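2 protein chains.
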Amino acid sequence: MQLSPSLTQLIEALRCQPGIGPKSAQRIAFHLLERDRQGGKQLGQALTKAMTVVGHCQSCRTFTEQAQCDICASTKRQDSGLLCVVESPTDVLAIEQTGQYQGVYFVLMGHLSPIDGIGPKEIGLDILENKLQQGGINEVILATNPSVEGETTAHFIAELCHKYQVNASRIAHGIPVGGELDLVDGMTLMHAFTGRRTVSQL
Amino acid sequence: MQLSPSLTQLIEALRCQPGIGPKSAQRIAFHLLERDRQGGKQLGQALTKAMTVVGHCQSCRTFTEQAQCDICASTKRQDSGLLCVVESPTDVLAIEQTGQYQGVYFVLMGHLSPIDGIGPKEIGLDILENKLQQGGINEVILATNPSVEGETTAHFIAELCHKYQVNASRIAHGIPVGGELDLVDGMTLMHAFTGRRTVSQL
Ligand SMILES: [Zn+2]
Ligand SMILES: [Zn+2]
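Protein sequences, first through last, are from chains A and S. With this note's numbering as the guide, the letters of the first sequence map in order to residues 1 to 202. With this note's numbering as the guide, the letters of the second sequence map in order to residues 1 to 202.
This is chain A alone, in the form it adopts within the complex (with noise of 0.2 Å):
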């Protein structure tokens, strides 16, 4: 027996989604259409307005409806200097839910993979270059993700704050708060003993 054509088309697009399996998708397509069918549509319009309509901010390329998001339009967070330099628009996320930093972002929407074709450009770094020519950054917070490619990416930046006199720094890597040493991998543990600090010294 085969479903109905729309039904199969909706259940295979569902499976495409990251975390949604062949199992879930069908309980997703079978949940709406036989509970709620509105909130179907919803999310059907949801999904193509989104698409349509978000783009990225001209100035630190996170998504945006907007030409300037919310952060950059803030002269609060241009003027404190800062800029923080991250992988992705979650990672934006993570760090304003902390709540602790009032400066503003730059968003690579990825990293440097050469082997991907993936260079200094489609990075943006083009663009991260003009503002630290332009001036009025005091520091450029490196906050890629520890892994060799966000190493990789981190590293050349500093190099390109090196070349503009700007003060760069990477976020520091380590045993994360509540986590328990033993269940810590290898290299944050190895980044934990290199970036250790005195706490008292005779």
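Bear in mind the hints are in silico, worked out from the structure with no lab data behind them. Any given hint might turn out to be false.
To be verified - DSBU-like, lysine-lysine: derived pairs with alpha carbons at most 30 Å apart:
id, chain 1, residue 1, chain 2, residue 2
1, A, Lys-41, A, Lys-23
2, A, Lys-49, S, Lys-163
3, S, Lys-131, S, Lys-121
4, S, Lys-163, A, Lys-23
5, S, Lys-76, S, Lys-41
6, A, Lys-76, A, Lys-121
7, A, Lys-49, S, Lys-76
8, A, Lys-76, A, Lys-131
9, A, Lys-41, A, Lys-76
10, S, Lys-23, S, Lys-76
11, A, Lys-121, S, Lys-41
12, S, Lys-23, S, Lys-131
13, A, Lys-163, A, Lys-121
14, A, Lys-49, S, Lys-121
15, A, Lys-131, A, Lys-121
16, S, Lys-121, A, Lys-41
17, S, Lys-131, A, Lys-49
18, S, Lys-76, S, Lys-121
19, A, Lys-41, S, Lys-49
20, A, Lys-49, S, Lys-49
21, S, Lys-163, S, Lys-131
22, S, Lys-23, A, Lys-41
23, S, Lys-163, S, Lys-49
24, A, Lys-23, A, Lys-76
25, S, Lys-41, A, Lys-41
26, A, Lys-121, A, Lys-49
27, S, Lys-23, S, Lys-41
Unchecked claim - Label-pair distances were calculated between CB atoms; the ranges are:
id, chain 1, residue 1, chain 2, residue 2, range
28, S, Val-148, A, Gln-100, 50 to 58 Å
29, A, Arg-15, S, Ser-169, 33 to 41 Å
30, S, Gln-38, A, Thr-8, 52 to 60 Å
31, S, Gln-38, A, Gly-179, 34 to 42 Å
32, S, Phe-193, A, Thr-8, 39 to 47 Å
33, S, Pro-176, A, Gln-68, 53 to 61 Å
34, S, Gln-45, A, Tyr-164, 40 to 48 Å
35, A, Gln-68, S, Gly-119, 25 to 33 Å
36, A, Ile-175, S, Ala-94, 28 to 36 Å
For clarity, every value in this text was computed on a predicted model and none was experimentally measured. The C-beta atom is built at its ideal place from N, Cα and C for all residues, glycine as well.
Guided by the hints, dock chain S with the ligands onto chain A, whose structure is given.
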């Protein structure tokens, strides 16, 4: 920081789906925006279309885009004289995947639940009664779930069958093939004992 309104709306709409949590909803929305806008639009269209065109088979109540589903449209199936009653279209899929059943179905789209206002009419038993009255059915196989509601519903339909002099049978419940006896719940184990079959008799 707030996300752009369309993005927030999309994440909210995704989060309402079964099996999708807040993190997962965010991951899907950002994945589509970053890497697969075309796929996002297609999913949006597939949703809108399915919610609009998928209706119920006038004969068995399962999902279909036509007046009658493929199974009900098959004369070979209709001529089998077998009608299997299930709670949901996913049950039809599961049984069809075994490739063993050659009859037609009747999909209740739920089960009797007086407390929720779901009586015989809400699960289409008036339509089923018409079928029983019209004749041509040799056996009704009751394949509702082995839950309290499923058993109650099966019992109710069995009495309907009795009224119209149609044979009714209940599918067997027991230890799943490959399952381990000591891992099975008590209710299933009880069913397995009640439904035991003689394999050797002196
Ligand atoms: Zn921005
Ligand atoms: Zn049908």
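Taking the hints in turn, this is what the structure says about them:
1. The straight-line distance between the Cα atoms of A/Lys-41 and A/Lys-23 is roughly 21 Å, inside the 30 Å bound, and the hint therefore holds.
2. With a CA separation close to 55 Å, the supplied pair A/Lys-49 and S/Lys-163 exceeds the 30 Å bound.
3. Of the supplied pair hints, the one linking S/Lys-131 and S/Lys-121 holds, its CA atoms being roughly 14 Å apart against a limit of 30 Å.
4. Only pairs whose Cα atoms come within 30 Å are accepted, and S/Lys-163 paired with A/Lys-23 is rejected, the gap being roughly 39 Å.
5. For the suggested pair S/Lys-76 and S/Lys-41, the alpha carbons sit about 40 Å apart, so the restraint of at most 30 Å is broken.
6. Taking the CA atoms of A/Lys-76 and A/Lys-121, the gap is near 29 Å; set against the 30 Å cutoff, the hint holds.
7. With a C-alpha separation of about 46 Å, the suggested pairing of A/Lys-49 with S/Lys-76 is violated against the 30 Å cut-off.
8. Only pairs whose Cα atoms come within 30 Å are accepted, and A/Lys-76 paired with A/Lys-131 is accepted, the gap being roughly 17 Å.
9. A C-alpha spacing of about 40 Å is found between A/Lys-41 and A/Lys-76, which places the hinted pair above 30 Å, so the restraint is violated.
10. For the given pair, S/Lys-23 sits about 48 Å from S/Lys-76 by alpha-carbon distance, which is inconsistent with the 30 Å threshold.
11. At most 30 Å may separate the alpha-carbon atoms for a hinted pair to count; A/Lys-121 and S/Lys-41 meet this at roughly 27 Å.
12. The suggested pairing of S/Lys-23 with S/Lys-131 is violated, with an alpha-carbon distance near 48 Å, which exceeds 30 Å.
13. About 17 Å separates the Cα atoms of A/Lys-163 and A/Lys-121, which keeps this hinted pair within 30 Å; it holds.
14. Only pairs whose Cα atoms come within 30 Å are accepted, and A/Lys-49 paired with S/Lys-121 is rejected, the gap being roughly 39 Å.
15. Our distance criterion of 30 Å between C-alpha atoms is met by A/Lys-131 and A/Lys-121, whose separation comes to about 14 Å.
16. Among the hinted pairs, S/Lys-121 with A/Lys-41 is consistent with the structure: their alpha-carbon atoms are about 27 Å apart, no more than 30 Å.
17. Among the hinted pairs, S/Lys-131 with A/Lys-49 is inconsistent with the structure: their alpha-carbon atoms are about 46 Å apart, more than 30 Å.
18. Under the criterion of a C-alpha separation no larger than 30 Å, the hint pairing S/Lys-76 with S/Lys-121 is consistent with the structure, at around 29 Å.
19. With a CA separation close to 8 Å, the supplied pair A/Lys-41 and S/Lys-49 stays within the 30 Å bound.
20. Our distance criterion of 30 Å between C-alpha atoms is met by A/Lys-49 and S/Lys-49, whose separation comes to about 16 Å.
21. The hinted pair formed by S/Lys-163 and S/Lys-131 meets the criterion: a straight-line CA distance of about 13 Å does not exceed 30 Å.
22. Of the supplied pair hints, the one linking S/Lys-23 and A/Lys-41 holds, its CA atoms being roughly 22 Å apart against a limit of 30 Å.
23. Straight-line distance between C-alpha atoms of S/Lys-163 and S/Lys-49 comes to about 42 Å, which puts the hinted pair past the 30 Å bound.
24. With a C-alpha separation of about 48 Å, the suggested pairing of A/Lys-23 with A/Lys-76 is violated against the 30 Å cut-off.
25. Among the hinted pairs, S/Lys-41 with A/Lys-41 is consistent with the structure: their alpha-carbon atoms are about 13 Å apart, no more than 30 Å.
26. With a C-alpha separation of about 28 Å, the suggested pair A/Lys-121 and A/Lys-49 falls inside the 30 Å cut-off, and the hint holds.
27. Under the criterion of a C-alpha separation no larger than 30 Å, the hint pairing S/Lys-23 with S/Lys-41 is consistent with the structure, at around 21 Å.
28. At about 53 Å, the beta-carbon gap between S/Val-148 and A/Gln-100 stays in the expected band of 50 to 58 Å.
29. For the pair A/Arg-15 and S/Ser-169, the supplied restraint of 33 to 41 Å holds, since their beta-carbon distance comes to about 35 Å.
30. Evaluation of the 52 to 60 Å hint for S/Gln-38 and A/Thr-8 yields a failure: the beta carbon distance comes to about 19 Å.
31. About 40 Å separates the C-beta atoms of S/Gln-38 and A/Gly-179, a value consistent with the hinted range of 34 to 42 Å.
32. Separation of S/Phe-193 from A/Thr-8 is about 41 Å and conforms to the stated range, judged on CB atoms against 39 to 47 Å.
33. Against the hinted window of 53 to 61 Å, the Cβ-Cβ separation of S/Pro-176 and A/Gln-68 comes to about 59 Å, which satisfies the hint.
34. Checking the proposed 40 to 48 Å range against S/Gln-45 and A/Tyr-164 shows it holds: the Cβ atoms sit about 47 Å from each other.
35. For the hinted restraint 25 to 33 Å between A/Gln-68 and S/Gly-119, the CB-CB distance of approximately 58 Å leaves it violated.
36. Between A/Ile-175 and S/Ala-94 the Cβ separation comes to about 47 Å, which falls outside the hinted range of 28 to 36 Å.
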